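Undergrad: Input sequences plus hints: build the corresponding full structure.
Protein chains in written order, with our numbering: chain D, 186 to 467; chain L, 186 to 467; chain F, 186 to 467; chain R, 186 to 467; chain P, 186 to 467; chain A, 186 to 467.
Fair warning: there could be bad hints in the mix.
Identical copies look the same in the list; a pair holds intra-copy or inter-copy alike.
Claimed, not checked - Here are the computed lysine to any residue pairs in the SDA-like style, where the Cα-Cα straight-line distance is at most 25 Å:
| no. | residue 1 | residue 2 |
| --- | --- | --- |
| 1 | 437 | 399 |
| 2 | 430 | 459 |
| 3 | 407 | 361 |
| 4 | 389 | 437 |
| 5 | 191 | 446 |
| 6 | 467 | 365 |
| 7 | 364 | 454 |
| 8 | 389 | 435 |
| 9 | 389 | 271 |
| 10 | 407 | 395 |
| 11 | 407 | 382 |
| 12 | 467 | 401 |
| 13 | 389 | 432 |
| 14 | 430 | 448 |
| 15 | 407 | 460 |
| 16 | 268 | 359 |
| 17 | 389 | 460 |
| 18 | 272 | 200 |
| 19 | 389 | 431 |
| 20 | 268 | 457 |
Worth flagging that the hints you see were computed from the coordinates, not collected in a lab. None of these values were measured; they are calculated from a predicted model.
6 protein chains.
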Amino acid sequence: MFYHTKRLQYFTPPANPDPIYAKKMQELIGGSFGEMTVMMQYLFQGWNCRGPAKYRDMLLDIGTEEIGHVEMLATMIAHLLEKAPVKMQEDGAKDPVVGAVMGGMNPRDVIVAAMNPQHEIVSGGGATPSDSVGFPWNGRFIVASGNLLADFRSNLHAESQGLMQAVRLYQMTDDPGVKDHLSFMIARDTMHQNQWLAAIEDLKSEGFEDTVVPGIAYEYGKNEYAYQFWNNSEGEESAEGRWAKGPSMDGKGEFQYVANPEPIGSIPEPPQPDPRLHGTPK
Amino acid sequence: MFYHTKRLQYFTPPANPDPIYAKKMQELIGGSFGEMTVMMQYLFQGWNCRGPAKYRDMLLDIGTEEIGHVEMLATMIAHLLEKAPVKMQEDGAKDPVVGAVMGGMNPRDVIVAAMNPQHEIVSGGGATPSDSVGFPWNGRFIVASGNLLADFRSNLHAESQGLMQAVRLYQMTDDPGVKDHLSFMIARDTMHQNQWLAAIEDLKSEGFEDTVVPGIAYEYGKNEYAYQFWNNSEGEESAEGRWAKGPSMDGKGEFQYVANPEPIGSIPEPPQPDPRLHGTPK
Amino acid sequence: MFYHTKRLQYFTPPANPDPIYAKKMQELIGGSFGEMTVMMQYLFQGWNCRGPAKYRDMLLDIGTEEIGHVEMLATMIAHLLEKAPVKMQEDGAKDPVVGAVMGGMNPRDVIVAAMNPQHEIVSGGGATPSDSVGFPWNGRFIVASGNLLADFRSNLHAESQGLMQAVRLYQMTDDPGVKDHLSFMIARDTMHQNQWLAAIEDLKSEGFEDTVVPGIAYEYGKNEYAYQFWNNSEGEESAEGRWAKGPSMDGKGEFQYVANPEPIGSIPEPPQPDPRLHGTPK
Amino acid sequence: MFYHTKRLQYFTPPANPDPIYAKKMQELIGGSFGEMTVMMQYLFQGWNCRGPAKYRDMLLDIGTEEIGHVEMLATMIAHLLEKAPVKMQEDGAKDPVVGAVMGGMNPRDVIVAAMNPQHEIVSGGGATPSDSVGFPWNGRFIVASGNLLADFRSNLHAESQGLMQAVRLYQMTDDPGVKDHLSFMIARDTMHQNQWLAAIEDLKSEGFEDTVVPGIAYEYGKNEYAYQFWNNSEGEESAEGRWAKGPSMDGKGEFQYVANPEPIGSIPEPPQPDPRLHGTPK
Amino acid sequence: MFYHTKRLQYFTPPANPDPIYAKKMQELIGGSFGEMTVMMQYLFQGWNCRGPAKYRDMLLDIGTEEIGHVEMLATMIAHLLEKAPVKMQEDGAKDPVVGAVMGGMNPRDVIVAAMNPQHEIVSGGGATPSDSVGFPWNGRFIVASGNLLADFRSNLHAESQGLMQAVRLYQMTDDPGVKDHLSFMIARDTMHQNQWLAAIEDLKSEGFEDTVVPGIAYEYGKNEYAYQFWNNSEGEESAEGRWAKGPSMDGKGEFQYVANPEPIGSIPEPPQPDPRLHGTPK
Amino acid sequence: MFYHTKRLQYFTPPANPDPIYAKKMQELIGGSFGEMTVMMQYLFQGWNCRGPAKYRDMLLDIGTEEIGHVEMLATMIAHLLEKAPVKMQEDGAKDPVVGAVMGGMNPRDVIVAAMNPQHEIVSGGGATPSDSVGFPWNGRFIVASGNLLADFRSNLHAESQGLMQAVRLYQMTDDPGVKDHLSFMIARDTMHQNQWLAAIEDLKSEGFEDTVVPGIAYEYGKNEYAYQFWNNSEGEESAEGRWAKGPSMDGKGEFQYVANPEPIGSIPEPPQPDPRLHGTPK
Ligand SMILES: [Ca+2]
Ligand SMILES: [Ca+2]
Ligand SMILES: [Ca+2]
Ligand SMILES: [Ca+2]
Ligand SMILES: [Ca+2]
Ligand SMILES: [Ca+2]
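TA: Next comes the structure, spelled out in structure tokens:
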């Protein structure tokens with residue numbers, strides 16, 4: 186069960202409203218790597234966790250923190266949308282085509298033209314659960330597989346992309362309030378990036394394996410192909426990488442570079458179609 | 186530019202058709218972590234790569250290989266759908282409610298009832314670009330951010346989930362052909378899991394940093410919050426993890442455990458609404 | 186079966202084209218609460234209605250009217266897109282970065298930059314079945330549950346949001362033609378808001394219950410929790426509302442305010458994973 | 186900011202696992218009217234609320250409670266998926282077509298065939314953020330418009346559909362644990378249905394209007410059409426309803442029944458296409 | 186504006202309910218090529234038509250007819266869902282795992298397990314605006330480009346796939362009512378397939394060109410590449426087709442077979458990233 | 186299996202960057218009729234093809250070519266995004282509302298406001314798998330039915346819409362590099378339009394029928410309705426078309442014009458709801 190406290194985890198209001206920046210900042214709420222993603226991903230992983238208690242507790246600690254990050258950003262976006270201009274200018278239009286739209290080339294007109302229309306029509310000046318192009322957040326953005334190593338890698342990836350997006354957005358504004366606010370979020374993303382690296386190390390130190398299901402994959406897999414790099418794109422620059430020679434990372438094989446890969450399988454012969462399905466037969 | 190060779194990279198036909206398994210196997214083609222995802226993710230990352238040539242070449246090597254994996258699975262699904270029963274049985278129904286549907290409880294009837302209907306109605310016995318519940322693959326499944334470390338972590342995460350799904354599917358069948366086929370795919374996923382671990386190590390050995398944008402995050406972030414673990418979920422089991430104490434993984438801080446986290450921000454006061462938007466005012 | 190008459194239910198052309206406003210107006214066609222939603226929702230409810238004839242007839246009356254509303258808006262958008270500028274200006278660019286794009290800061294350029302690109306590339310100057318950010322209308326926007334009270338409440342909600350969106354859009358333009366056109370649509374939305382309120386009253390006067398399945402919910406529900414307000418967010422301002430004390434609206438209980446809610450359930454212990462799924466065990 | 190307590194708000198484990206019911210129960214988590222919807226809808230409305238404090242507090246109280254409902258259901262689904270059969274039977278197949286799939290018509294086989302494949306392949310025996318057909322929850326399921334009356338009607342509608350769905354699911358099982366669990370959720374939905382009715386009454390008693398923006402709609406709307414019922418579907422049964430005669434619910438007009446509606450507008454003449462768009466001209 | 190008549194264009198009730206077939210038949214309502222698609226596609230094309238009156242009238246004739254097809258199928262699905270079993274059997278379960286689910290292997294149980302859960306939980310026994318796997322219809326299923334030849338080809342394609350799907354479904358049932366009903370729909374699809382072929386011929390006889398924008402494409406295109414077939418997949422079987430030699434269909438060129446295609450472009454060198462975006466540089 | 190060569194099939198860099206045009210050009214990558222669609226559609230059709238070898242080979246030839254088209258466009262978009270301005274101007278703002286956003290009405294500001302935010306935040310200056318409004322490509326954009334005539338018509342439709350979109354985009358720029366690049370793509374689309382027309386002719390000359398499943402449709406369909414045009418929209422201009430009189434295109438009937446269409450079916454009476462589903466009864 187959850188409780189809510191009225192104060193925000195952190196907050197600095199923007200110095201000025203900026204509806205265009207509000208549109209862009211939606212990426213951090215409802216984008217593939219936004220706060221809704223990490224919140225939902227950690228909560229579902231926590232609820233689905235059957236491993237040692239410290240992992241479950243940790244997942245729910247951070248998942249709960251992330252709900253508050255959506256809250257912080259929603260509040261920020263409401264401020265950025267304050268006094269967003271509703272309507273374009275009228276006067277002075279000489280060009281009959283564009284006249285009605287943009288008489289005097291007022292900066293307000295550019296904002297009206299380019300802001301996310303749903304920030305006025307749908308939400309009346311509030312954040313929406315969607316990304317910077319208005320595409321809605323959806324459940325396929327997250328994963329909770331039950332395998333902690335696989336899931337911690339998913340978390341590391343989400344925080345890596347998310348941190349970089351926050352940094353990019355930091356550099357896309359000069360507003361001191363927004364920058365201060367983002368500097369807190371960047372700090373938390375820094376922690377979370379470090380946290381998942383630490384959690385992966387922790388799994389290993391607890392005796393869990395450090396690649397995903399290596400034993401079972403070794404047992405089931407055709408191991409003669411399990412450490413080969415296939416050079417399917419012209420050029421052998423890829424032979425210079427760590428992945429092309431030396432012991433494999435799971436310690437179970439030796440990387441090989443297949444410079445001229447040849448198919449092993451046959452030419453496919455899909456079965457002839459059932460006549461009741463009216464596919465074209467041979 | 187691309188070329189195609191008629192032979193499959195690898196292939197073993199199933200010993201028997203199995204339309205239910207065909208439904209499940211779609212997860213490996215069009216699911217979040219299916220072959221369409223890795224294929225598209227590596228190709229877009231390769232096309233978007235501005236880093237050293239070996240990385241670009243390597244991304245295009247593996248992206249090109251993955252197109253062939255979709256091909257292999259599409260061929261397998263066509264075989265699994267061979268002779269899928271089109272229609273239920275008629276006779277012997279005593280129960281007027283279900284009679285028309287399932288007279289004699291023929292195993293065919295269960296298959297007809299439970300298979301993916303689009304495998305007959307839409308594709309006429311072929312694979313579709315969707316997952317095991319029929320949801321279509323979409324572009325939000327992939328990322329190509331331009332930052333190689335962030336993207337290699339995305340790749341590692343995708344291969345980790347994908348490998349585990351292949352292993353799960355391996356254990357969900359007894360068909361020797363399917364098992365042989367999957368054993369090749371498990372081997373390649375094993376390589377690819379190892380490859381991304383190696384590529385991350387390689388980036389580091391080339392002098393790229395080993396966490397994502399640590400310098401810039403340190404410069405922009407409020408570093409007093411950048412290494413704190415907040416215990417937002419009751420219980421302190423999470424204090425036992427590597428993430429709660431000791432030096433941070435990026436070497437720039439020391440993990441701290443905040444056992445009783447308190448909000449730092451104020452109570453939010455979103456601005457009063459523009460009257461023309463008819464939000465409810467205070 | 187349906188018939189179509191060539192004349193529009195109502196129409197006033199815009200005084201001037203305005204492709205930016207056309208983008209915004211798409212919300213009323215293909216948004217969550219646009220005309221496609223009410224049209225489809227009422228038609229499916231009508232087709233699925235098994236209640237008294239007057240409700241079914243009424244649903245099909247209004248559903249059929251709404252098809253004409255999509256038609257009216259599609260026509261309006263075609264007019265608003267007339268002479269939309271296809272291309273930016275070329276001359277006078279000094280700044281090499283933006284030069285090719287926006288030489289002389291012509292208002293046309295702003296329109297070209299900010300309009301919905303699909304209004305030219307995809308529809309050639311016509312409306313599309315999508316909302317103001319280009320997201321397509323989809324079937325999850327509607328509901329037809331078979332329970333008329335639940336569905337009439339859905340309809341009331343859709344008309345409430347839709348009316349407010351039309352009013353917002355009315356205030357986002359000064360074009361007299363568009364305003365006249367919208368004033369008709371606002372009138373119809375006013376009727377429809379009133380209509381669903383009346384229909385809910387009518388259900389009650391016919392002897393149907395005035396909350397959704399209250400009897401069955403009372404029979405199945407743990408009634409000691411059925412009239413409690415739980416104060417899960419810090420602060421007791423919510424104790425001042427009608428929902429916190431007094432008789433419940435269904436007449437079956439008394440509202441109680443639980444100021445310090447405590448969980449009733451246990452700590453979850455999800456079952457240990459099947460080894461074949463390779464989840465992390467305890 | 187949010188806190189989490191380890192105990193569930195309420196919980197009774199199922200007497201038996203039931204993976205088919207787990208599939209169906211997903212509707213209550215990630216369906217259009219599932220707990221993710223009400224949770225996100227109330228939180229976004231609370232964050233976006235600029236009205237009197239009691240409404241904001243109340244929205245955040247209930248939004249926070251709903252997070253715990255997702256948690257309860259996710260735990261229930263994990264239990265229902267316990268020991269779900271991974272694989273079909275092999276032996277005894279005489280019919281070469283279906284043999285590999287369903288030898289002895291074992292009940293396990295039906296479950297394997299019909300369960301949600303992602304409950305094993307993707308989540309390893311846990312809940313997913315999607316509905317009963319596997320379609321992911323998405324942000325278009327919710328609304329937060331800033332207008333409290335419009336939004337409370339949305340909430341009433343969501344709780345009405347959601348309550349009915351919980352009742353339907355209650356009747357779709359005989360498992361005493363599931364029934365007990367659902368009886369708590371039905372009680373909370375009963376409260377929430379009552380709560381939104383009370384909140385709507387409360388808005389009115391506070392002096393807010395009791396239809397959505399009636400004043401502004403009256404000012405902008407063509408009022409001669411604002412209280413007419415148009416009989417666009419053959420048959421006049423609809424003349425018998427409350428919506429066809431008597432004073433309108435907003436007190437501003439009198440319902441009229443237009444038995445033979447005629448279009449008021451002209452035949453549309455969309456403008457001729459820009460030649461650069463290559464539409465077919467007249 | 187539209188009118189509705191109470192009678193269906195055609196209808197034969199099913200001899201027996203069949204909830205599994207109802208699930209499959211949803212493909213004809215809300216699938217990519219279902220009746221919602223052709224209805225919406227023809228209506229939007231009609232509303233967007235600026236060509237000669239006969240085409241616009243024809244598009245609206247058929248678009249209006251198609252609304253009635255959705256109605257017919259929705260009615261059929263309601264009948265097929267009549268008496269659908271809500272719940273599984275209880276007794277006789279010996280196997281503790283599956284016992285609660287499927288005691289006696291009653292055919293009802295298979296139906297309960299495999300039907301579309303939303304047909305009970307969401308729609309209460311009615312059709313939904315989605316396809317046979319429950320994926321919702323959406324606006325990207327249709328196109329209305331303003332170019333009549335391009336659009337008539339889209340219509341021909343939609344009717345071709347749709348007719349074939351209706352035929353496949355015809356063969357997937359033995360119910361005489363369903364078969365009779367589908368035989369009407371197959372007849373209408375036959376007409377519509379013929380109609381679009383005729384409409385394409387008609388465009389030509391009116392002096393419109395018979396390929397899409399051939400003049401403009403010839404003017405803008407690099408014509409040395411405009412009639413070449415590139416053999417990018419190993420094997421030259423494709424040299425035997427009509428597309429590989431002889432005059433091109435638009436009469437403007439001669440097909441050539443390029444047996445060993447070579448790239449013409451250079452190796453890509455995407456520009457180095459802006460440092461503020463933190464892409465990996467060379 | 187596939188191979189990749191480093192050189193692009195064709196490429197001319199743009200004379201100048203243009204991030205607004207980059208946004209629009211995404212339609213050709215990830216739009217309904219973009220290169221991802223034709224690539225995936227032809228590959229799936231090829232993999233699913235059970236007809237004569239020349240068709241399968243041809244499908245794989247062209248599908249493989251199309252992968253390279255995505256590559257070409259992704260490279261073009263990377264160039265168009267070069268030096269895209271990250272941030273708006275600051276100085277000189279007098280109007281407190283818009284000041285922070287658009288001081289001096291610099292053309293850069295318009296670009297910053299109107300470009301696709303994900304081109305910076307998500308992809309760091311690269312192409313994304315989505316269309317010109319940022320909606321992701323998805324698997325429902327394609328079809329592979331197994332029936333070659335139906336599928337070749339789908340291909341013809343996709344190339345027709347796609348060619349027209351490329352021509353529209355050609356006219357939306359003056360950049361000589363982009364124009365040269367597009368002129369190659371227009372040439373290839375010209376070939377592909379001709380190719381599918383040729384392939385349809387080829388099917389016929391091979392003895393396959395030239396409408397989709399005409400024999401089976403004739404056998405199953407109610408042929409008295411199979412050649413009638415129903416005039417459901419007021420006005421008889423549609424009687425003037427080829428579709429209204431003369432022999433039908435399949436040679437099996439004679440077109441008839443039904444000027445005053447009447448429904449043939451009865452008034453629907455959907456069955457009364459199961460009480461456990463709580464629909465409203467009669
Ligand atoms: Ca290579
Ligand atoms: Ca804790
Ligand atoms: Ca409170
Ligand atoms: Ca009527
Ligand atoms: Ca070839
Ligand atoms: Ca007509």
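Undergrad: Honestly, which of those hints from before does the structure not fit?
TA: 2, 6, 9
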